Amino acid sequence: MNWRGNLLRFCEVAGLPIFEPFVRLAAGEDKKEQFVGIAKFVLLPIVAIALFLGFWAAAANTVVTDSAKLPSPKATWDAGAQLIAMHFDQKEADRLAKQEKLGEAVQYMAEAKAYERAAAKTTGAKQESLTAKSVSLKKRAVAAVNFEASSAPTFIDQIWTSVGTVFFGFLLATVVAVPLGVLCGMSPWFNAALTPFIQIFKPVSPLAWLPLAFIVIMWYYAGYAAGETFFNKAFLISATTVCLCSLWPTLVNTTLGVASVDKDFINVADVLRLSWTQRLFKIILPASLPLMFAGMRISLGVGWMVLIAADMLAQNPGLGKFVWDEFQNGSELTYARIAFSVIVIGMIGLVLDRIMIFFRNLVSFGNPAPA
Amino acid sequence: MSVLLRPEPIAITRPDTPAPKPILQMRGVCKGYGSGVTRTEVVNNINLNIREGEFLAVVGFSGSGKTTFTQLVAGLIKPDRGTITMEGEPVTAPSPDRGLVFQNYSLLPWLTVRGNIALSVNSVFKDWSAEERRDHVERFIDMVGLSHAAHRRPHELSGGMRQRTSLARTLAMKPKMLLLDEPLSALDALTRSQLGDEILKIWEEERQTCLMITNDVDEAILMADRIVPLNPGPSASLGPAFTVGIDRPRNTTELNDSEHFKSLRNAVTNYLVAVRQKARNTEQAATKHLKFRLPDIKPEDLTRKGRAIYNRPPR
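Going down the list, the protein sequences come from chains A and B.
Its first residue numbered 1, the first sequence is counted upward by one per residue in the working numbering.
Its first residue numbered 372, the second sequence is counted upward by one per residue in the working numbering.
Do not take every clue at face value.
[As the list claims (entries may be wrong)] So, partial list: chain B residues that the calculated Cβ filter (under 8 Å) puts toward chain A:
#1 L479
#2 P480
#3 L490
#4 V495
#5 H522
#6 T623
[What the hints assert, rightly or not] FRET-style restraints, in silico, Cβ to Cβ:
#7 L280(A) / K649(B): 25 to 31 Å
#8 A81(A) / H522(B): 56 to 62 Å
#9 I355(A) / E577(B): 32 to 38 Å
The hints are simulated quantities; they were obtained by calculation from the structure and are not laboratory data.
For clarity, every value in this text was computed on a predicted model and none was experimentally measured.
Don't be surprised by glycine CBs; every beta carbon is placed ideally from N, CA and C.
All chains, please: the whole structure from these sequences, using the hints.
Below, the structure is given as structure tokens:
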């Protein structure tokens with residue numbers, strides 16, 4: 001297959017119709033048709049966004065209270081640029097501090113070596129005191145090498161924490177929901193047993209789950225000081241909440257996918273006399289993957305929404321905490337920063353959704369869902 | 372069932388050999404769905420012997436229980452009454468011995484042509500070496516002429532190619548008996564006759580016992596040794612068998628001019644139509660007391676005058 005076919009197929013599978021006209025144009029297909037495509041997928045959204053920014057700017061001039069005002073698009077953009085610049089400044093400062101410490105470490109080591117050599121030449125009490133000095137210098141060198149700058153997490157650090165938390169929670173949810181869903185789909189009895197739980201817990205808000213997750217984690221980590229545990233407590237509380245909320249779409253869709261495997265495929269398995277495991281892995285799971293991934297896509301979306309709220313409450317160092325802290329600080333830049341993080345949260349949500357669409361289309365042969 | 376229309380006596384050109392022993396026997400097989408008053412008998416009292424090495428066609432209208440019949444023979448469903456035996460052993464579950472070619476192909480969309488065929492070969496011939504199995508798969512891909520498309524997935528194939536894949540998948544299991552469930556009915560007319568010829572060619576090479584279920588009388592006469600009509604359901608049963616005494620290899624063009632072919636086609640068609648008419652009459656007689664006098668209403672033309680509708684192609 002040629003490059004054009006591959007790229008077009010990628011656009012289709014990745015749910016990116018926006019690039020299709022450009023690929024076709026580059027390949028020299030009918031120009032007029034491609035310009036229509038570009039107008040529809042590129043120009044029209046740009047015009048719509050421009051209109052939105054216009055309204056926003058107008059609203060920013062109108063919505064003004066005594067203490068604060070709605071940030072304008074310009075102010076939001078500047079606040080965002082400043083946040084990103086702060087991140088890089090901070091990292092640079094950290095790097096310099098680290099380098100300085102490394103220099104110190106080398107110096108301590110050299111001194112320690114000198115004391116060692118001196119100790120080798122002498123005997124008795126003098127040798128002992130010299131060796132002790134050398135050892136204490138070595139300890140200081142090791143401490144200097146292990147130095148980590150303890151600066152507050154920047155905006156970009158918090159983005160990564162949030163993404164990490166949501167993926168961890170989503171992973172937990174998938175690990176729990178997919179096997180349960182497969183069992184539910186294969187056994188109507190199991191499904192009947194689980195249905196009440198699904199029906200009752202599905203609509204519960206993350207804010208209601210969080211205190212319970214909090215208790216469980218606190219109980220589990222009782223007696224450990226902060227930093228002693230592999231996972232941060234707040235991180236685990238957030239991730240558990242995400243997991244509990246994003247479990248249900250995957251579970252329901254997996255059940256549906258497994259239960260509605262084409263009867264003909266089951267007949268094929270019957271005629272071939274496949275064993276139970278072969279039937280599961282060669283027929284049922286591949287056949288239900290598209291619906292499973294559709295469910296996981298919803299789960300990840302729900303998880304990302306839930307995470308912001310969970311971060312706020314659990315004080316997990318993520319985007320939710322960032323928004324909350326900004327709101328509490330109430331500086332001049334507060335609202336511009338919050339507006340910027342709203343946009344960033346939305347964009348990350350979009351990227352997560354695209355990733356899941358890509359996976360879903362990858363496993364649904366000849367039947368990719370429109371984005 | 373009383374005799375409605377007997378085919379005219381047909382001279383059998385085939386040399387008289389003793390009838391081979393049946394490979395598959397159906398005795399008084401009944402199958403229905405539902406229970407109590409909502410129960411419908413789909414097939415009723417089916418008796419059939421399929422002889423070793425013969426090509427038998429079961430012809431019936433759509434909705435006359437053809438699919439249920441196939442599933443019974445394949446072992447996918449169990450009869451309510453009666454027995455089905457294959458080589459003396461009762462049929463209780465599906466088995467690779469009765470290779471089923473599905474009407475709607477039933478290819479697994481996530482596997483390529485090669486993958487689909489390999490799945491059946493790998494699960495039927497577990498004790499073969501990997502190399503033997505690979506060669507076997509390639510041989511059958513080649514047999515149905517799909518070597519150029521072996522790496523494609525079903526959604527990238529035409530209907531004819533899909534059915535060929537499905538056929539190769541079934542043939543590769545080396546079944547003792549081939550079950551074709553309306554193998555050509557989902558295809559367009561041109562592909563249909565071409566693939567029909569190919570199935571016939573493959574069958575003539577292998578001479579496997581073959582049971583084809585179809586709704587096309589011409590197709591049945593062209594391919595089969597015997598034709599058994601399936602009386603239209605509910606509670607379908609089998610009619611008297613018609614022997615197709617036409618020498619092989621058969622040629623479509625020659626057949627179309629053959630008097631024998633025409634009379635046989637008429638006989639089978641007339642039989643099926645007559646049975647259906649009789650079933651309808653019985654049904655009508657049963658519901659006669661429900662007859663209403665229809666109101667004397669004529670439809671009125673509600674289209675607005677002066678508003679023409681053009682049949683323009685949509686832009």
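Hint check results:
1. A least Cβ separation of about 6 Å between L479(B) and chain A falls short of the 8 Å threshold, and the interface hint therefore holds.
2. With a least beta-carbon distance of about 4 Å to chain A, the hint placing P480(B) at the interface is held under the 8 Å criterion.
3. The interface hint given for L490(B) holds, since its Cβ lies 7 Å from the closest Cβ of chain A, which is under the 8 Å cut-off.
4. With a least beta-carbon distance of about 7 Å to chain A, the hint placing V495(B) at the interface is held under the 8 Å criterion.
5. For H522(B), the shortest C-beta to C-beta distance to chain A is roughly 11 Å, which exceeds 8 Å, and the interface hint is violated.
6. Annotation: T623(B) was flagged as interfacial toward chain A, and the flag is violated, the nearest CB pair being 31 Å apart, outside 8 Å.
7. The beta-carbon spacing between L280(A) and K649(B), approximately 49 Å, falls outside the hinted interval of 25 to 31 Å.
8. For the pair A81(A) and H522(B), the beta carbons lie near 50 Å from each other, so the given range of 56 to 62 Å is not met.
9. Here the CB-CB span from I355(A) to E577(B) is close to 50 Å, at odds with the stated 32 to 38 Å.
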